[in-house]
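Q: Sequence:
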Amino acid sequence: MGRPDADPDVTSEQADAPPETNHAAPAEAGPDPVAHLEDRLLRTRADLDNMRKRCERQIAQARTDERARVAAAWLPIVDNLERALTHADAEPGAVIDGIRAVRDQAVAVLGSLGFARHDEANVPFDPQLHEAISVMPHGDAPAGTVVTVLRPGYGEGNRQIRPAAVIVAGEPE
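The opening position of the sequence shown corresponds to residue 10 in my numbering, with each subsequent residue numbered one higher.
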């Protein structure tokens with residue numbers, strides 16, 4: 010017995026044969042298949058253009074949102090600097106402590122954005138993290154060791170804002 014949905018006029022050889030391809034225009038194409046294809050092409054181009062414009066708007070909005078997020082992270086630092094300036098005349102010693110606290114806060118914000126501070130001395134020189142400004146003999150440190158950090162670096166690997174500027178121990182003379 011055959012399949013219940015099988016056509017009774019089709020033999021088993023015909024059912025097993027691959028379907029013939031019909032190169033005629035689709036039924037919805039109407040009398041002019043070229044005009045139908047041109048219409049589809051125009052619609053596809055319009056869809057692509059709309060998608061491109063939508064992506065550009067989304068990217069611009071994401072950039073605006075990220076700038077606002079970073080600016081909001083820096084606002085407490087600006088507030089604390091203004092407080093330090095307000096107290097500068099009254100207590101000069103407290104201003105130094107306030108400035109250190111604000112610097113630490115700024116470094117923490119950079120760290121939270123993925124740009125950790127690198128200002129370690131007595132570590133091996135790493136060209137991925139350090140920029141050697143000078144090499145000088147140093148009796149206490151082996152050659153190739155960072156002995157002084159002149160300017161801290163921020164970030165790691167591909168996300169590095171800048172390398173640390175360092176002085177590296179060289180071979181003793």
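Derived by calculation from the structure, the hints in this document are not laboratory data. Be aware that a few hints might be false.
[Claimed, not checked] Derived DEER-like restraints, expressed as beta-carbon distance ranges:
| no. | residue 1 | residue 2 | range |
| --- | --- | --- | --- |
| 1 | I68 | H96 | 42 to 48 Å |
| 2 | D48 | E165 | 51 to 57 Å |
| 3 | P146 | A69 | 53 to 59 Å |
| 4 | A125 | L57 | 49 to 55 Å |
| 5 | N167 | L50 | 17 to 23 Å |
| 6 | T157 | A69 | 26 to 32 Å |
| 7 | R78 | A44 | 28 to 34 Å |
| 8 | G153 | A125 | 20 to 26 Å |
| 9 | R168 | L57 | 32 to 38 Å |
| 10 | V116 | A77 | 45 to 51 Å |
| 11 | E129 | H96 | 30 to 36 Å |
Beta carbons are placed, not taken as given, at the ideal position from N, Cα and C, and that holds for glycine.
Q: Compare the structure with each hint and give your call.
A: Now for the hints, and whether the structure bears them out:
For I68 paired with H96, a C-beta distance near 43 Å keeps the hint of 42 to 48 Å intact. Checking the proposed 51 to 57 Å range against D48 and E165 shows it holds: the Cβ atoms sit about 54 Å from each other. At roughly 54 Å, the beta carbons of P146 and A69 sit within the given window of 53 to 59 Å. Roughly 42 Å separates the CB atoms of A125 and L57, a value that falls outside the hinted 49 to 55 Å.
Checked against the hint of 17 to 23 Å, the C-beta distance between N167 and L50 comes to roughly 41 Å, which is inconsistent with it. Taking the beta carbon of each, T157 and A69 are about 44 Å apart, not inside 26 to 32 Å as hinted. Against the hinted window of 28 to 34 Å, the Cβ-Cβ separation of R78 and A44 comes to about 51 Å, which falls outside the hint. About 23 Å separates the C-beta atoms of G153 and A125, a value consistent with the hinted range of 20 to 26 Å.
Between R168 and L57 the CB atoms are about 33 Å apart, so this pair conforms to the stated range of 32 to 38 Å. Remark: the range hint 45 to 51 Å for V116 to A77 is contradicted by a beta-carbon distance near 22 Å. Between E129 and H96 the Cβ separation comes to about 32 Å, which falls inside the hinted range of 30 to 36 Å.
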